[in-house]
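Number of protein chains: 2
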Amino acid sequence: MNPTIKERLQLAYAAQESRLFYSAWPESPRAYAEDGMQSGLLAFQSLLTQNFVGLQTHGSEGWIGEEISPYFMTGLGIKYPAFSPNTLIQNAELAQKIWSSTSIDLRATILINALDSVANRFFEIAYATMHTTGQGFMMGFQASGPHANDRALEVLAMAYKELTRFPSDINWVKNMGKFDLALQKNYKAIPKGVALVIGCSTFPTWNTLPGLFGSLMTGNVGIVKPHPKSVLPIAIVVAEMQKALVAAGLPASVVQLGVDTLANPIAKELAEHNAVKLIDYTGGSAFGEYIESLPGKTVFTEKAGVNSVIIESISDAAAVFSNIAFSASLYSGQLCTAPQNIFVPATGIQTPDGNMSYDTVVSGIANAIQNLVENPKMGSGVLGAIQNDATDKRIKDVSLGRRLALQSMPVPNLEFADARTASPVVIAVEADDVTTWRHEHFGPILFVIKTLDASHSLSLASESAQSLGAITCLCYSNDVAYMNQVESTMNKVFTPVSFNFTGAAFVTQHAAFSDFHVTGGNPSGNATFTDAQFINRRFVWVGNRKM
Amino acid sequence: MNPTIKERLQLAYAAQESRLFYSAWPESPRAYAEDGMQSGLLAFQSLLTQNFVGLQTHGSEGWIGEEISPYFMTGLGIKYPAFSPNTLIQNAELAQKIWSSTSIDLRATILINALDSVANRFFEIAYATMHTTGQGFMMGFQASGPHANDRALEVLAMAYKELTRFPSDINWVKNMGKFDLALQKNYKAIPKGVALVIGCSTFPTWNTLPGLFGSLMTGNVGIVKPHPKSVLPIAIVVAEMQKALVAAGLPASVVQLGVDTLANPIAKELAEHNAVKLIDYTGGSAFGEYIESLPGKTVFTEKAGVNSVIIESISDAAAVFSNIAFSASLYSGQLCTAPQNIFVPATGIQTPDGNMSYDTVVSGIANAIQNLVENPKMGSGVLGAIQNDATDKRIKDVSLGRRLALQSMPVPNLEFADARTASPVVIAVEADDVTTWRHEHFGPILFVIKTLDASHSLSLASESAQSLGAITCLCYSNDVAYMNQVESTMNKVFTPVSFNFTGAAFVTQHAAFSDFHVTGGNPSGNATFTDAQFINRRFVWVGNRKM
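Protein chains in written order, with the working numbering: chain F, 17 to 563; chain B, 17 to 563.
In isolation and in its complexed conformation, chain F is listed as follows:
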């Protein structure tokens, strides 16, 4: 293997093991080509209304595509090769015969080369992400670019470590008293089969790459089934992966893109196919539970969750409210890590200036959001656009007839006058009004829940994480005993806690190499990026013995 490839994997694994900060691709667009934005935009624009070039088309049956830009509010007009599930499986099985016999060194080299090529298209991918997901430019760049690549490298590094954990050949000798029994043994990591990766509409590369790279690195072949409304970013990535495969003399169909439409979905047929042994899924809970229930499959899911904020006491009200406002507003609350339910005692919270009432907290949060939304330098960039009409409708529905501390507003966008935007609605609600707050409201919808006291807040947050799932929990407290209680109670329901985040620390951000994303222990998903089992469950150790 190229020594620098091996060094990069070792560096990345050392970071994972230490959990300290590490990034292989800078997150600032300024670290890349000076004309990156301009040429990325041109590259993106040149794709519009065209058949997408660069994906293998062998066996395809025409062209399909139905993406709509949440900024333009018109179709992108990009079409992708359409394949029947059977063709995808046949291509995959042919490719697998070759891919599963490649060395892990060759796999690592090809997959890292692909990531490097993807990095040359980060700006183009950023625009592709904006105009499919509705993310702002900066988030589109970071999440679909360097952060997604970092998550993929993290997986490759963990996989390299796990695949080389045991020797490939040994001489085993056991003394039997009067003689030695000697056996030659070998140990092989046998891939499970065809891996299906089902993408989501909001994070088409970030949520797809970990499972895809994990399955490929361990010798399985991959079929990516993107959300039909968010294809372009992952199409660019898969095209670069296929290019790297072909450059190495291997079949492009080691990784395939299986695009479908809302009217003719193919995910179920693929998932249920006997050849498909591995499934990575990001999306809604109902389909996720169906995927988890399929017999004979190894499944990794990230489903919905309801994330909580617990406010017990604070030091700097402005800093706290602005931090919550940012996390709730970022990409209009469409992150899986975004808070939904804010628990505040009816008796108020402690501050350095004495007690702050529940109502003051509610209006503090509402005002901070309003200031952010109306800030012309921040608003549209931070909030981006709403990915789909269902989310838009959900905001309107939840607002009807409820006590709104802040109503959802359009987000002024100078660049895209037609953008589908909506700022967070803030709803003050009693703890016992569980039909209102105690289920997932995906999108920019915040409840400030009036609880009996801080202990009640914790028990509601914990119970909700256990029953509905949670990916994050943000807690503000200056009371060490309470903090310990929150940490141990939420950890017991497999929910990580972030304490007293202000400034540039946001609960929505999970850093590659350091933060596990989704624990896998509660209903928000059954797996985590990236622990060892995220890799090890994709292959099987088999040992042979010879006299």
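Keep in mind that a hint or two might mislead.
Identical chains blur together in the list; that is why a pair holds if it fits in one copy or across any two.
[To be verified] Below, computed lysine-lysine pairings styled on DSSO-like, alpha-carbon distance capped at 27 Å:
1) Lys22 to Lys190
2) Lys259 to Lys293
3) Lys95 to Lys204
4) Lys508 to Lys293
5) Lys22 to Lys113
6) Lys508 to Lys284
7) Lys313 to Lys22
8) Lys177 to Lys508
9) Lys95 to Lys284
10) Lys190 to Lys293
11) Lys284 to Lys113
12) Lys177 to Lys22
13) Lys204 to Lys177
14) Lys190 to Lys113
15) Lys95 to Lys313
16) Lys113 to Lys508
17) Lys313 to Lys284
18) Lys113 to Lys409
19) Lys293 to Lys313
20) Lys113 to Lys313
21) Lys508 to Lys204
Hints in this document: simulated from the structure, not taken from any laboratory.
Once you've looked at the hints, dock chain B against the given chain F.
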């Protein structure tokens, strides 16, 4: 932690990582106390017809026990405390509050101390194993004693490695351009909950300890539900574990023994209980598939398999036939690793003396078995006794109206005149008679299957492993190309291959620290002793962050 405990874990993990020979407890009875056999026998005898002493009885509802010695053919008369499933769960949940907050160092110390105490009772356990499972003394000693302890230590070592893989606390610093963002982070391995371990009748400790020690070491509490006919060996182990817990000031009910009867089984009620999150199961396929289908549980199974022997060419016919005879006769074919189907080409096999016909191979194997069975120094010790009447009946049923190369015979046993014994029946069968050979016949039942050629043998063995499961495959061949083909074809269906075993190498033996037992990739089970995921799936990483 006691430094020697840590050293022992590190030594054991180093062995696992290198896969070289290692054993923490010698397998020869002579390495133990000189009067071990005598005092072990007395200890065993003193347990007969008594209420078993040493298990916690809090909340028990009387005494039950229905074990029958396959050697005496009378009941042992030993009774164990009976608990309702609800009592077991309540005890477990109380204990869990304490156990999950103990340090991994304390857990390791207690569990290794327990293994050391168990080692003091290896002889007693050997007799207990003989008189529940029907194993011969030597196998009862080795399998339930040092080999089971080694497998448990292997699990503890892997768990210690995995639980300390990531730091418990770090300072994470990310440069944000003009300032550094600093967060304190911690990482916790949170146990999943109550672990149920369902044992089997033939290997009551060897198959129970890995899952039990894996769950306990990772902070879960355990309920062992032994097979009602094979309780005593694991009762002794659990009693020693409870003693070690109590000595450390911890609740005995961190591990409980939940005995039941054939008439009133409790496995299902326990398995389906919401508090039970982990299940380790060894036993038949039907119940194993039910266990695997339970939603919301993390499940590790070892079910049935059909193991193959493929004979293509041999160097030393006598050595080969005697090796096969031993593996087929050991514990009367009641090992999960024992061969059932021997594939031999109709055209015969190559030997140094020219072609050997199919019929000669059949009679060679039959004769070797007969010689072993009738050898007064070997027979009864190697074959032991038949654990239950169902196996005995299966031998008789399969023999009816079939072409027997060797019929099953009683095994002369000078010590136990009433022992339930049966030597292997050898049945010559055509490849297309699939209703005869192509399903599991648990016990001393061997088919020598006449195939078209060596390639046909391989495809039948491979297809059988894929559909029915297989834990082992033994191949005899001097043709390197064929051997490679067998290895890659059987490995693709997740079956390990042992080549050309003669002398003291037996396909039935899987060595701790070196051989994975069951791959987890075919229907014979979904897990392996002991890879990293055998540990990692028992707990969840949760990371917390503080500003």
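To see whether the hints hold, each was checked on the structure:
Within a single copy, lysine 22 and lysine 190 get their C-alpha atoms only as close as 35 Å, which misses the 27 Å cut-off; across copies the closest is 25 Å, which meets it. In the homo-oligomer, the alpha carbons of lysine 259 and lysine 293 lie at most 27 Å apart inside one protomer (25 Å), although the nearest pairing across protomers, at 44 Å, exceeds that limit. For the homomeric pair lysine 95 and lysine 204, neither the shortest alpha-carbon distance inside one copy (41 Å) nor that between copies (46 Å) is at most 27 Å. In this assembly of identical chains, the alpha carbons of lysine 508 and lysine 293 lie at most 27 Å apart only when taken from different copies (13 Å versus 31 Å within one copy).
Taking the shortest Cα distances, lysine 22 and lysine 113 sit within 27 Å of each other inside one copy (25 Å), while across copies they are farther apart (44 Å). Within a single copy, lysine 508 and lysine 284 get their C-alpha atoms only as close as 34 Å, which misses the 27 Å cut-off; across copies the closest is 26 Å, which meets it. In the homo-oligomer, the alpha carbons of lysine 313 and lysine 22 never lie at most 27 Å apart, since the shortest distance is 31 Å inside one protomer and 38 Å across protomers. Taking identical chains as interchangeable, the C-alpha atoms of lysine 177 and lysine 508 lie at most 27 Å apart only when they sit on different chains, with a minimum of 22 Å there against 29 Å within one chain.
Proximity of lysine 95 and lysine 284 under a CA criterion of 27 Å is satisfied intra-copy only: 22 Å inside one chain copy versus 52 Å between copies. Neither within a single protomer nor between protomers do lysine 190 and lysine 293 lie at most 27 Å apart by alpha-carbon distance, with minima of 38 Å and 39 Å respectively. When the C-alpha separation of lysine 284 and lysine 113 is checked against a cutoff of 27 Å, the pair qualifies only within one copy, where the shortest distance is 24 Å, while the shortest distance between copies is 42 Å. Both within a single protomer and between protomers do lysine 177 and lysine 22 lie at most 27 Å apart by alpha-carbon distance, with minima of 11 Å and 24 Å respectively.
Taking CA atoms no more than 27 Å apart as the test, lysine 204 paired with lysine 177 passes in both settings, with 14 Å inside one copy and 21 Å between copies. In this assembly of identical chains, lysine 190 and lysine 113 lie within 27 Å of each other by CA distance neither inside one copy nor across copies; the values are 37 Å within and 43 Å between. For the identical chains of this complex, lysine 95 and lysine 313 are neighbours neither inside a copy (31 Å) nor across copies (42 Å), given an alpha-carbon limit of 27 Å. With identical chains, the CA atoms of lysine 113 and lysine 508 are at most 27 Å apart between copies only, with a shortest distance of 11 Å across copies and 44 Å within one.
Taking identical chains as interchangeable, the C-alpha atoms of lysine 313 and lysine 284 lie at most 27 Å apart whether they share a chain (13 Å) or sit on different chains (24 Å). Taking the shortest Cα distances, lysine 113 and lysine 409 never come within 27 Å of each other, neither inside one copy (48 Å) nor across copies (45 Å). Proximity of lysine 293 to lysine 313 under the C-alpha cut-off of 27 Å is found in both arrangements, the shortest distances being 5 Å within a copy and 19 Å between copies. Proximity of lysine 113 to lysine 313 under the C-alpha cut-off of 27 Å is restricted to the intra-copy arrangement: shortest distance 20 Å within a copy versus 34 Å between copies.
In this assembly of identical chains, lysine 508 and lysine 204 lie within 27 Å of each other by CA distance solely across copies; the values are 10 Å between and 36 Å within a copy.
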